[in-house]
Structure formats: structure tokens, C-alpha cells
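Residue numbers (our numbering), protein chains in the order written: chain A, 1 to 327; chain B, 1 to 259; chain C, 1 to 469.
Hint data in this document are derived by calculation from the structure and do not stem from the laboratory. Note that the coordinates shown come from a computational prediction; the quantities given were computed from them, not determined experimentally. Incorrect hints may appear among the rest.
[What the hints assert, rightly or not] The list that follows gives simulated cross-link-like pairs (lysine-lysine, DSBU-like), each with its CA atoms no further than 30 Å apart:
#, chain 1, residue 1, chain 2, residue 2
1, C, LYS43, A, LYS150
2, A, LYS61, B, LYS177
3, B, LYS93, A, LYS76
4, A, LYS88, B, LYS206
5, B, LYS181, A, LYS61
[Said to hold, decoys possible] Computed beta-carbon distance windows for the label pairs:
#, chain 1, residue 1, chain 2, residue 2, range
6, A, GLY193, B, THR252, 33 to 39 Å
7, A, ASN59, B, THR252, 51 to 57 Å
8, B, GLN188, A, GLY193, 17 to 23 Å
9, B, GLN160, A, ILE143, 23 to 29 Å
10, B, GLY102, A, SER38, 28 to 34 Å
11, C, GLY130, B, PRO19, 56 to 62 Å
C-beta: ideal position from N, C-alpha, C; glycine also.
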Amino acid sequence: MAAPEELFCWEGDWGLPSISTECLVVLAYAKFAGAPLSLRKISNPWRSPSGLLPALRTNQKTVLSRPSEIIIHLRKQKYNADFDLSAKEGADSLAFISLMEEKLAPALIYTFWGESANYVEVTRRWHAEHMPFPLRFFLPSWIQSQQLEKLRLLRGDDVLDVSGELEKELYHDAFECMNLLSQRLGSHKFFFGDSPSSLDAYVFGHLAPILKSKLPNGKLQQHLRNLDNLSNFCSNILLLYFPRDPNREGGTSTVTPQPEGGDLDHVPNKRMKQFLSVIVAMGAMLSYALVTGMVSLEHFHTKVQEEPQDSQPITAQHHYQEEEGEG
Amino acid sequence: MSLATEAFMSQIAAAEPWPENATLYQPLREDQILLSDCASSLAVQAFLRMCGLPVQVVCRANAEYMSPSGKIPFIHVGNQVVSELGPIVQFTKAKGHSLSAGLDDVQRAEMKAYMELVNNMLLTAELYVQWCDDATATEISRPRYSSPYSWPLNNILAFQKQWEVRRKMNAIGWGGKTLEKVYEDVSQCFQALSQRLGTQTYFFAKQPTELDALVFGHLFTILTTRLTNNELAERIKSYSNLLSFCRRIEQTYFEGKHS
Amino acid sequence: MGTVHARSLDPLPMHGPELGVQADDIESAHIEPEPNQEVLENKDVVVQRVHIDGLGRTKEDLLTYEIADVFRAKNLIDVMRKSHAARQKLLRLGIFRKVEVVIDTSRGADALPNGLDVTFEVTELRRLTGSYSTMVGNNEGSMVMGLKLPNVFGRAEKLTCQFSYGTKETSYGVSFFKPQPGNFERNLTFNAYKVTGQFPWSSLRETDRGISAELSFPLWKTSQTLKWEGVWRELGCLARTASFAIREESGHSLKSSLSHSMSIDTRNSSILPRKGGLLKIHQELAGYTGGDASFLKEDFEIQLNKSLFWDSVLSASLWGGLLLPIGERATSIADRFYLGGPTSIRGFSMYSMGPQSEGDYLGGEAYWAGGLHLYTPLPFRPGKGGFGDLFRTHFFLNAGNLCNLNYGEGPQAHLKKLAECIRWSYGLGVLLRLGNIARLELNYCIPMGVQSGDRICDGVQFGAGIRFL
Chain A
1 MAAPEELFCW EGDWGLPSIS TECLVVLAYA KFAGAPLSLR KISNPWRSPS
51 GLLPALRTNQ KTVLSRPSEI IIHLRKQKYN ADFDLSAKEG ADSLAFISLM
101 EEKLAPALIY TFWGESANYV EVTRRWHAEH MPFPLRFFLP SWIQSQQLEK
151 LRLLRGDDVL DVSGELEKEL YHDAFECMNL LSQRLGSHKF FFGDSPSSLD
201 AYVFGHLAPI LKSKLPNGKL QQHLRNLDNL SNFCSNILLL YFPRDPNREG
251 GTSTVTPQPE GGDLDHVPNK RMKQFLSVIV AMGAMLSYAL VTGMVSLEHF
301 HTKVQEEPQD SQPITAQHHY QEEEGEG
Chain B
1 MSLATEAFMS QIAAAEPWPE NATLYQPLRE DQILLSDCAS SLAVQAFLRM
51 CGLPVQVVCR ANAEYMSPSG KIPFIHVGNQ VVSELGPIVQ FTKAKGHSLS
101 AGLDDVQRAE MKAYMELVNN MLLTAELYVQ WCDDATATEI SRPRYSSPYS
151 WPLNNILAFQ KQWEVRRKMN AIGWGGKTLE KVYEDVSQCF QALSQRLGTQ
201 TYFFAKQPTE LDALVFGHLF TILTTRLTNN ELAERIKSYS NLLSFCRRIE
251 QTYFEGKHS
Chain C
1 MGTVHARSLD PLPMHGPELG VQADDIESAH IEPEPNQEVL ENKDVVVQRV
51 HIDGLGRTKE DLLTYEIADV FRAKNLIDVM RKSHAARQKL LRLGIFRKVE
101 VVIDTSRGAD ALPNGLDVTF EVTELRRLTG SYSTMVGNNE GSMVMGLKLP
151 NVFGRAEKLT CQFSYGTKET SYGVSFFKPQ PGNFERNLTF NAYKVTGQFP
201 WSSLRETDRG ISAELSFPLW KTSQTLKWEG VWRELGCLAR TASFAIREES
251 GHSLKSSLSH SMSIDTRNSS ILPRKGGLLK IHQELAGYTG GDASFLKEDF
301 EIQLNKSLFW DSVLSASLWG GLLLPIGERA TSIADRFYLG GPTSIRGFSM
351 YSMGPQSEGD YLGGEAYWAG GLHLYTPLPF RPGKGGFGDL FRTHFFLNAG
401 NLCNLNYGEG PQAHLKKLAE CIRWSYGLGV LLRLGNIARL ELNYCIPMGV
451 QSGDRICDGV QFGAGIRFL
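Start from the sequences, fold in the hints, and give me the full structure.
Here it is as C-alpha cells:
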């Protein structure tokens, strides 16, 4: 087997290895198939090789971004979690994955990015806190407009009307989808037999953020909690394949520390802002003072530097004079 | 269709029986309609025939703009207008006609999942081939789509539609796919459908359901439509049970109409 | 309730209303000859020089036409009159903010003893002016920004841009106006616009994107306009509950039409005339220069006013129109006529008369409407000489009909159809004049001859508008 390939994905939170559905799908599948990947958890999509997350940089130096492409690639590398599925089960997988993409994914986009209370209090705050300065000021809203545009195109509308009507429709479809998944899962541990497959990875990727996030408007979560077999399914996978790691809580991983001061985010931004504002104020005062001539430093400083040895006693005198001048 | 109007419509719909003058609207058959719209329209027609509900097909150049959701086809029943197969199935169910009443929960889940498979993969592939493949778009899709309008409006509308479909493809991640890859995905879809059908008459035992109508609509249209490149039709032909399925439904429900 | 609905989707005029007493009301000042002036009148003068001071970017050749007349003055009074007229002409060009006339005796080497120098001191308008206003309409508020460039190339060309951003729709337009130098009444206008409108009486939403070119010129006593217009029209339903007939009209279409209009206006004011009359005939032929729509449309407007005793005015008006489809294609709802409302037949709701389907009014292909008004000053004349003069009371009688014609039958059948089922109404009300642009009305109406399907507004009805029956 070749060297482990690099997977760039979103950081995790709320007990999940990553907050993004698509990243979770890839991570889960990799665990199920036993594929070794070196993870790079970042919170700035611009640092990923394709500009999107998740992104897999293969050993052939190509970059794959869609979960389905990544899974096919891993399968070709003989990391196949669907190995012992019958043809009919494979067909069912494809069908249920389509069901989730058509009915559940739009509701997910809406609940994290379209619903105003959720967006402001959870999604935007999370992204702003985890992104480096200065991206945190504009990137979350940029991602939001992209996601809402995607939602509009998925539905085929001319104009996306983010209103109660839209919410009811999307959630109705999502509830139905979850019910159907629950019915299909029944009382089994995984969807097909005793070992998980790619369908399990997709279901996990879509349901885990709903289950674990703490959103003000949590209708999807409520509905999911009522479906015991699905909630147990998600918790099961988390327990077995993504055991709780104290490091993971913080959102940093073993590999890449954030060079742009991301660690400081845990200490709230306030400190950084205070520091910056003090620097700016002092700089302004100093430059004003210099410009208006209240303080003049330059002459003495340069002389000191140019004549180090001979002027030892003189230097001391100059310093003395300097201090007097400033005082 | 929103929930509130759905509930309201169900109440009204249940009160009235299916009228004789129900009409289905689609774009002009000879000059204008495209593959994806024709497939969706045929699926609805098959479904209504399977339910035994009479409907008249009327062709209008502005059918796409008449539709409340912007999608083809739509039916005008009494004084209600319903578009797309999903809501139409709900609407007929409210009037007491349903094909999937006899299915159990697991089967219904599978039926809905396979219908989404067709919408997600097959319909998207049809749209891709029509609008994102330059040869097909220039020779077939744009001229047909813009045929009812005069210059320069025809060019404006055709390019606007193409641009919109391409944006959708980019949003769902199909923008970077090559035509070959799309054909492979479609083959996978056909394989899944063929697997599920197996040797049965219909997808779920002896009775047809809306899934049969939907699959028939798409497969039959692909088989009988000539594009610049008949790759899609060739891919279906490698699954003989799908071919005989199409022929069977055509003979049972559309006898004498298509030859 | 009536509100201003621009059915024609023309953008509103750029300048705001000017309140206050209008020049129309003031009789034109005539200079009464006084004994001193009689002496002056007999004195011959020669206008030697006419200067225009203060020109910046305006080209001189444009102005020579306007001031040429002054040279022909024979005596001092004549000079004053002609300079005044030239001043009015210069102001009418719309490129000067202020024009002042100075008449002085000639100076210089070649000065004649009875020579005069006339100097026009002008202040040009700024190169670019902007305006900003907010408009509140039918459930919609919008912000309107305008940009005007008077005198772009120096010969009184004008470029105006308007942008309207509303809660529901946005519209914008650009217009370029070029008069012929020396002949301001002959002018050429180019327009490009995108306008969206919502028409709740038909549950219809319309978006028009178009360009037009217009040539106006006077001919004898009339003013003629020739226009070509190309419009991309997009119609849609305003609500899910729109009737199916409206749904069938949704979609895109292209209209390319040539139109001609002729008008003679001898009234002293267009809002509250005291005397004079108006005749306006407009015809439009679509389809022969491309496009999908194909029809011939005629409509006319006649108004006669006569002052009676005690400051009251009797006014009679007649409107009519006919839309003839050419070819097998049916007419589009955007081309048909509408009738009813506080600006046409009072007592009926806005455009809520005639053919309809499930509560949505479809408009008609032929109509006529007539009105008879008696305008009097307010009883007991409060505020006379000032604010009170802006108000009037009026008593009115309106009648009309709107229907579709079956063009297979002859004209006799058409006249018969228009004559049956006439709707009419009468009443009285108070009106307020807003400058020279608009008027507000508050009427008490009694509608009669109401047909099934019409929506009436009997009792008190409020209306604001530019053009009233």
C-alpha cells in the first residue's frame, strides 16, 4: 500500500470529528474501510488545494473534492467497505444515497445557513471563531451566500424565498426522509449486515451534525431524537470509530498548528482586539507627536549609533541631554 | 407546493371526483419539447393511465412559464393546478386513487428511494447531456427551446436557460464531470434499476406503482429520442429486462398510440 | 381607494411637482403704453450687437437661432418685447439656470446714435445633477435616484438616468434627448429601460425591457410624434390564486411596433383647464418590424373646456380605443385596454370593469368613455387668492363601456355591442391641484349600470393621477 494520502477537512466540534457533512462521510468511510489517511483539519477553505473541503490529495498529485469521487478512489486502492454487498444491496445503497441528497441535504443547508437564528448564533459564530484574522469578517457570509445559491439551484426556483413556507416544505421532506431511513434500518446495527458500508457513511454524515449541534431552532434534532434506532446508529458509530479524544475537543489536530494565531481564539478575541487597539492608539499618538515636533529623537539617536567607541563619555552626556529634552 | 396549500387542497380535492376535462400541459411536441421535459411528462401520463384517470394532453409554447413551480408537466384539474409527479401523486391520493397503498413500510421506503435515484441521477444526467454538452446544446437544445420566439428573444432565452442549468450543475458538483463520466454514472443507475427489477413484472410484485411510471417515462423517452449521440439509448439496451419492461408498459397502457 | 398606477409603465417625470400659483393662471403681462413710452415707441432704434455672456460648454450656433429675432426690432418697446421672448426661448432650452437681459446704448467706434446693445447674461446649469426621492405606492416603497446631464455636448442634448429600487421590484432607465438646433420643437429621443409593474386587479406581474426611438415635430398647429419601440415583455402570475386565464398569459414575448401620435392642445393648463380643447390621436402597428405581437391599435382623446359665469368651468371629454389583432394570434393582456377607477369612470374600482375570469380582469379590445364635469370654486371661497385657489369642487357624470369584439362581424354589430350594457356614474367631489403635474380628488360617487363581474367603489373614492377622464 502506498503512503497515506492527505485529506483536508473541516475541523470538528460538538463531539464530532468534523462539522461538515461531506467531510464526515469521507472520514467515516475511511474508518470503515480501514484506509490510512493523514488528516489535515483546517478551518480556512482557501488553504485547501482545491478551494473546497473535503479535498483529498492523492499520491498521483491530483486533487479530488466530491465525497463520491473520493470513495471511488479509495475503492480502487482496495479500501472497499462495500465488498460483501450483493448487487441488490448495492442498488439500494445508490437509491438511498440519492434520497438523502434530494430530501435531506437541502434541509441541512437551510437549517445551518438559511435559518437566521441558527446562522447568527451558531454557524457564523463558529466559523468566525475558528477562522484566521481577517477572513473571519467576510468569509462566513460569503459561504452563506454560496450555500443559499446552491439551495436555490437545487430547488430550481427563480428566487429563494427564505420564509416560513420554505422551511415547512424542506423540513417536511427531511422528516419523511428520516422516517424512511428509520424504517429501512429497522432494528439492525448497520444498514446491510453487521459491518458498515458506504450507505452507513452517508447516513452518518448527514445525521450526525443534526444530532450533535446545539441549534436554537432544533426541529430536525427533535425529530431525529424521536427516531431511536437512527440516534443509536449515529452514537454507535461515533463510539466505535471516533472515540472521544481530549485533543479533539479543542479542534486542533496532531498535524498542523495554525500559524496565523488560531490558537489565540480559545482565549476570546477580546484580548487580541484590546491589544491591537492599544497598539494602534499608541502608534497614532507617537506619530502625531513626531510630526508636530513635540518630540524630536532622530538627531541624537543616529549620532549614538555612528560613533560607538570614541564617544563613550560623550554618548553618556548625549543620553543625559536627551532625557532632559524629552522630560 | 407548500404544506398549508397541500392540506387545504387535499380537503377540497377529496370532495370532488376526478372531472372529465382534466388537462395536462407540456411544451409543443414537434418543435419545442426537450428530452428531460418529455420524460417527465410521459411519466405523469403513464401514472394517470395506470390509475385509470382520463387526462387530455395540451401543448402550449409557454407551458414552462404557466406552471406554478416552473417545471413541466402540470395538470389542470377542476380549478386546481398541480405540477411535477410528486405533488400529482399526492393530489390523486387525496382524491382516493393510489397505486402504492398496498405496499408495506419497507417497500414504500425503497420505492421513494428509487424514485429519488431516478430524479437525482437520471434526470440530472439528461439535463447535463442536453445543456452542458456543447454539440447537443448547439444542434438540438437551444434551437428547440427557443423555437416559438422571434429574434433576438430566442437567443436570449436559450442562453439564459443554458447558463442557469450550468450553474446548477456546478452547484451540485457535476460541473467538473466529463461526458464519459456522466455516461458511466447513468450506467450505474441503469444497473441499479435493472437489479431491483430483476425478473419481476413491475418493481413491486404484480401491481405497477408510481416508480414504474417514472422509470418508464424516462427509459422510453431516451430510447425513442434521437440525440446527436445515442450513447444513453445504447446503455439501456444492454439491460434486457429494462427493455422488456418498457415494451410491456407501452403495450398495456399506451396501446395503439406509439408504434 | 385609488392610487397612481402607471399602466403604461412609463417612468414618472424626473422633476418634482412645483406647488404654488402657476404661470398659466396669470394673464400674460401686456405692457400698457404710457405717455413716456409712446414717445419712445416712435423713436427708431437699431440693434447693433447682441451678446451672450457666461457661456461655458454651450455651442454658440445653437443660440443664434433663438436670439436672431431681436435684431429685427424697430423701436425700444419692440426690443424689450423681443428680448423677453428670446429670454423665454433660451430658458425653454433647459440648459440655463438664469437668463438676464441688459439693454444698453451702443458703445465703441462704430456705435450709431440710436444703436442698442442687448446682452443676455446667462448662468449655465451644472454639468451633472442628481436627485434622490422616496416613493410609497401600493404596498410598496421605493427609493428613486436620478441623474441628469443637461447640455451634454453643448447643443442642449440631455441625458437622464433613473434608477428605482423598491421593496418588491427594481426599475431603471436611460434617456437621451436631442433637439434640432434652431427648432426646439423638433427633437429626437432615445430610451432604454427596464420597468417592472404589479397589477393586483389582474393578479399579473409584468417586466418590460425595451428600447425606443422617438421623433417629435410640429406640423401646422399640431404636434406629431413618430416612435419605434422594441420591448421584451415577461408576464407572470402575481399569486398562486391567479385565475387560469391569467396563467395562460404568462411567459415571454417580443413586441416591435411603430406608432404615430398627433395632438393639438389649446388648453391653458393640462390639469385644470379653463378654456381650450385637446385632441389626441394615437395609433400603433406591431408585428411588421419583427417580434411576436402583431396588432393594430388606435385610441383617441378629446376634451373641450368652456368658462362659465362665476368662475366655473364646464368640461366634456371623450376617450375611445380599438385593438385589432392581425394574424391568428390572440391579443396579449398587456396590450388591451382597461377601464374604471378614480382616473377614468369614477365609482368603479381601479381597472375593474369588463371581461374577467374568477375575479381577475382581463381587459378589453374596444372601449369608449365619456365624462361631463362642472368645476366650481369652493363654496364660500375660503382662502381666496392663495391656497384656496388650488381647490375646486366638481360635479361629474361619467359613462363608458369595455368589451371584446368578434372581428368577424361587421361594424354595426360592434357599435351595438359597445352601446349595450353601458356603465355610468355620477357624483361630486373636491379636487386639489398639485402644481402643473398632478391632481388629487376626493369624490362621492354613485355607480349605475353595473354589470355582473364589475367591482364598484360607491361612496367616497380617493384618486390621484396625471390624466383624468
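Verification of the hints:
no., hint, in the structure
1, C:LYS43 <-> A:LYS150, "violated (86 Å)"
2, A:LYS61 <-> B:LYS177, "holds (19 Å)"
3, B:LYS93 <-> A:LYS76, "violated (45 Å)"
4, A:LYS88 <-> B:LYS206, "holds (19 Å)"
5, B:LYS181 <-> A:LYS61, "holds (20 Å)"
6, A:GLY193 <-> B:THR252: 33 to 39 Å, "holds (38 Å)"
7, A:ASN59 <-> B:THR252: 51 to 57 Å, "holds (54 Å)"
8, B:GLN188 <-> A:GLY193: 17 to 23 Å, "holds (22 Å)"
9, B:GLN160 <-> A:ILE143: 23 to 29 Å, "holds (27 Å)"
10, B:GLY102 <-> A:SER38: 28 to 34 Å, "violated (52 Å)"
11, C:GLY130 <-> B:PRO19: 56 to 62 Å, "holds (59 Å)"
Of the numbered hints stated above, those contradicted by the structure are hints 1, 3 and 10, listed in ascending order.
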